[in-house]
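K.L.:
From first to last, the protein sequence lines stand for chains Z and X. The C-terminal position of the first sequence is numbered 654 in our numbering, with every residue numbered one higher than the one before it. The C-terminal position of the second sequence is numbered 143 in our numbering, with every residue numbered one higher than the one before it.
Be a bit skeptical, because a hint or two may be false.
When the alpha-carbon atoms are kept at most 27 Å apart in a straight line, the in silico DSSO-like pairs for lysine-lysine are as follows [to be verified]:
#: 1; chain 1: X; residue 1: K58; chain 2: X; residue 2: K112
#: 2; chain 1: Z; residue 1: K164; chain 2: Z; residue 2: K308
#: 3; chain 1: Z; residue 1: K483; chain 2: X; residue 2: K112
#: 4; chain 1: X; residue 1: K58; chain 2: Z; residue 2: K483
#: 5; chain 1: Z; residue 1: K241; chain 2: Z; residue 2: K51
#: 6; chain 1: X; residue 1: K34; chain 2: Z; residue 2: K473
#: 7; chain 1: X; residue 1: K31; chain 2: Z; residue 2: K483
#: 8; chain 1: X; residue 1: K17; chain 2: Z; residue 2: K458
#: 9; chain 1: Z; residue 1: K506; chain 2: Z; residue 2: K519
Partial chain Z-side listing against chain X, Cβ under 8 Å, derived [claimed, not checked]:
#: 10; residue: A340
#: 11; residue: N442
#: 12; residue: G446
#: 13; residue: L448
#: 14; residue: H452
#: 15; residue: K479
Derived from the structure by calculation, the hints contain no laboratory data. Where is the CB? At the ideal position from N, CA and C, for every residue including glycine.
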Amino acid sequence: MNHNIRLYLIASLLGMTVMVGGISLFFGTYLINKAVISEAKNRICFDLNTALEMYSNVEKQINSCLSLTALEQGWGDCISNDNTQKMKNRLTDLAQILNLDFSGFVKNDRTTLCRQSRNTPNTPGSLINPVALLALESKSTVSGTFVLSHEEIKAEDPELAEFMKIKLINRSDDETQGLTEEMSCMIIAAAVPIYEDNLFLGVIYGGIVLNKSTEIVDRVRKTVFQNETFKGQNIGTVTIFLKNLRISTNVLTKEGVRAVGTQISEEVGRKVLIEGGSWIDRAFVVDDWNITAYKPIKDYHGSIEGVLSVGVIESKYLDFKRNTLLVFIAITAAGIIIAAVLGYVLSIFVLHPVYELIKISKKVSSGDLYPKMGKISKGEMGILQKTFMEMIVTLREQNIHQKEESEKRLIISEKQASVGRLAAGVAHEINNPLTGVLTFTHMLLRRKDLDSEMRSDLETIAKATDRVKVIVKGLLNFSRQIKLKPELSDINKEIKETINLIENQALVKRVFLCFDPGADIQKRTLDRSQFQSVIMNILINAIDATDPGGNITISTRYNLKTQNGKHREIEIIITDSGCGISPEQLDRLFDPFFTTKDVGKGTGLGLSVSLGIIEHHGGTISVKSQIGKGSSFIIHLPLDKKNE
Amino acid sequence: MSKKDILVIDDNEIVLKSCKRILESENYSVTICSSATEGIEIIKKHKYDLIILDIVMPGCNGLTLSGKIKDDHPGTRVLIISGYMEPKPFSEIIKEEKMNFLSKPFTPEELLTAVSEIITAMPTNKGIN
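Isolated chain X (complex conformation):
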């Protein structure tokens, strides 16, 4: 199993740092990015297996970006993280779109479990490549 490429987009530095530290400890290749606009540029250049997204960010909200990723990169999976489950429609959208979601704050185990569940569920041919 090759190293999986994960991109984390969050406007909070501590969250970025935490995710990088946790995921790298389990041998994932982790790129971090502090804004949605920057993230969009990065996605264009490199193909990621998983993108971890915060919902509330300046400039662009995570859900819009998630939709865009889904359209442009069908093979890439998205995990939404947020400490702010309001407004309500957000959670409704997440439920209806069957998005992967993890609420902040999380422990390293919770993040790793969520990530590994998504990776395992990915088609195997993707994994071989």
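Pulled out of the complex, with its shape left as it was, chain Z reads as follows:
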């Protein structure tokens, strides 16, 4: 029970920490989630733009180089002299610079004079390159992305055409149609017209094939993601789609080869290829979740033929997110531990004076009015401690005052009783000899043979004795006068009041008073003040005789040895666990001026007067005692006649 406050303190600190930690964890998770994902999306969007820029740069580069080559002098000579070797040399230089897959020269009469490619250099073919054809027709520069059929690419380079075939993977719908290979090719190409002396000679063209190409996608990745890796895996991927087919990519399959031949997801395909929009979101790429961005690639004619996409593997961001959350959780857990420890330490600091106060209060309530207060704390606790000590001082003063009051009251009562007792005793003692004096004086006066002088003397004695008789009667009347102020009183209540008066005195000595009032004790006429002084007198003696830690019990009851089944007597029994009274002392216990107390501490009249008072009430006091075990004083009080 005493540790409740400590528990509350720790619990509230813990609760606070858990609450704050929990809330920050909750919002932190939310914010991180949002920030990380949106950051990833922003980045991927930016990356995609870079990729697109790089893609179009390839086209511009081809265009520029072809244009420069077209401006060179001597194309006319080559045609007129049928010098294809010179053309070929020029195209070979160009192909080397631009890393072209194919290039060629088409004369204005639509004959392809020269073709150049990686595998079969200078293979003449009948089919005119469609890009070159466009330039021939428009007599102007044509450049962009094109899709060539298998036949068209075959005309350039049969081996290349074979190589560029892409085997479809997991394409269930196409499998049903019996298609297992993609034959067409996506290329970036340009064709530039050649004029000499304002005469249109023909067109040179060149291009690179994107199918199975690694050059562009790897260059983009190197530039954009700087080949950053996460757990041994490149974090970024770049892919070029022909329609929905991956034709150039650095996304890897489970087997670790480039995932050429796999398809775009249906949802993305619809959004980008059909609707022509862009896509930025999570997407399941081959076998990993990625954060991806897709944009359509339009061909020279403006129709959507493919898609360029970049992606970042999501697990990198998830990992970052998880790490951040772990840090959050660790901070919260540390906070909880610190709160618990802090709460414990704090409770010790805060509650130490409280426990001290509890200890002191217990001491005070058990009667020790001089408890030692430890260090006075600062703040409210210090005020409480100071107030408590002030309260004890007041209590102490009150206690002393009360004790003085009760002692004063006792002394007055005792004095009154003593005077009465003395007067009555003196009267009693004088009355007997006075009876003798009166008797014999009067008997002598009866004699006839007395001479007048003797008679006169005897009469003087008789008169003086009568006077003494009157004085004694007066003395008795006086003692009677101060004696009793009888009132109908509740004995238990009177005893309780007396105990209240003396309780502190007992507590100071650490003697415990226990009152066990008998049930249904009838009221009786009593002089309340004198009755209380008797009880107090016996109690003070009992307290003096009892060592600290001892007990005094007070009980009231009817005497069980009743007459004719009626209660004739009330017994008030005061038992102490004190030192006891020896048989010799017991004989003289009620004698006036007998005391065992130190000089100045007792008058020796207390018990004598008490007995007198009880006798005046028609009762008596009996004592039982055993040395070392304690004493019992039993006040026997007969009931009022009318109550019997």
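Once you have looked at the hints, place chain X on chain Z.
P.N.:
Below, chain X without anything else, positioned relative to chain Z:
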């Protein structure tokens, strides 16, 4: 009228002596006794017309003894004497029981008047015997 037998019980010798002197001067037969216990023995042996009793005596108080005499010897009268009218219940008992009472100190005349009043009030047949 035969001599009346009177027993005086009081722990004070002077009182005993005084009573004997007064009562014998009026021709009563007087026995004196200084304690209640002794008195009880004497009463057993002899029948008295009147017993004069002090209230406060060691060993036994006069009122208890008076009750006992009343029960054991219905014909015997009792006169209570005391110089000590306290405690109050004593006087109340005396009043209620209509006991004969004379307070100390008394003059010979007062004692004789009290005694003769009791004797006169006694049934005559008792007197003849």
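K.L.:
Please go over all the hints and tell whether each is borne out by the structure.
P.N.:
Status of each hint after checking the structure:
With a CA separation close to 25 Å, the supplied pair X/K58 and X/K112 stays within the 27 Å bound. The suggested pairing of Z/K164 with Z/K308 holds, with an alpha-carbon distance near 23 Å, which does not exceed 27 Å. Our distance criterion of 27 Å between C-alpha atoms is met by Z/K483 and X/K112, whose separation comes to about 23 Å. A distance of roughly 36 Å separates the Cα atoms of X/K58 and Z/K483; the hinted pair therefore is violated under the 27 Å criterion.
Taken as a hint, the Z/K241 and Z/K51 pair is honoured in the structure, with Cα atoms around 21 Å apart against an allowance of 27 Å. About 23 Å separates the Cα atoms of X/K34 and Z/K473, which keeps this hinted pair within 27 Å; it holds. Between the alpha carbons of X/K31 and Z/K483 the distance comes to roughly 23 Å, so the proposed pair stays at or under 27 Å and holds. Our distance criterion of 27 Å between C-alpha atoms is met by X/K17 and Z/K458, whose separation comes to about 25 Å.
Simply put, Z/K506 and Z/K519 have alpha-carbon atoms about 19 Å apart, close enough for the 27 Å limit, and the pair holds. Among the interface hints, the one on Z/A340 is violated; its C-beta lies about 92 Å from the nearest C-beta in chain X, farther than the 8 Å criterion. Restraint check, Z/N442 versus chain X: the minimum CB separation of about 4 Å is within 8 Å; hint holds. The beta carbon of Z/G446 is positioned within 8 Å of a beta carbon in chain X (closest approach about 4 Å), and the interface hint is therefore held.
Hint on Z/L448 holds. Least Cβ distance to chain X is approximately 5 Å, under the 8 Å limit. Given hint, Z/H452 at the interface with chain X, holds; its Cβ is 5 Å from that chain's nearest Cβ, closer than 8 Å. Nearest Cβ of chain X to the Cβ of Z/K479: about 5 Å, under the 8 Å cut. The hint holds.
The structure shown violates the earlier hints numbered 4, 10.
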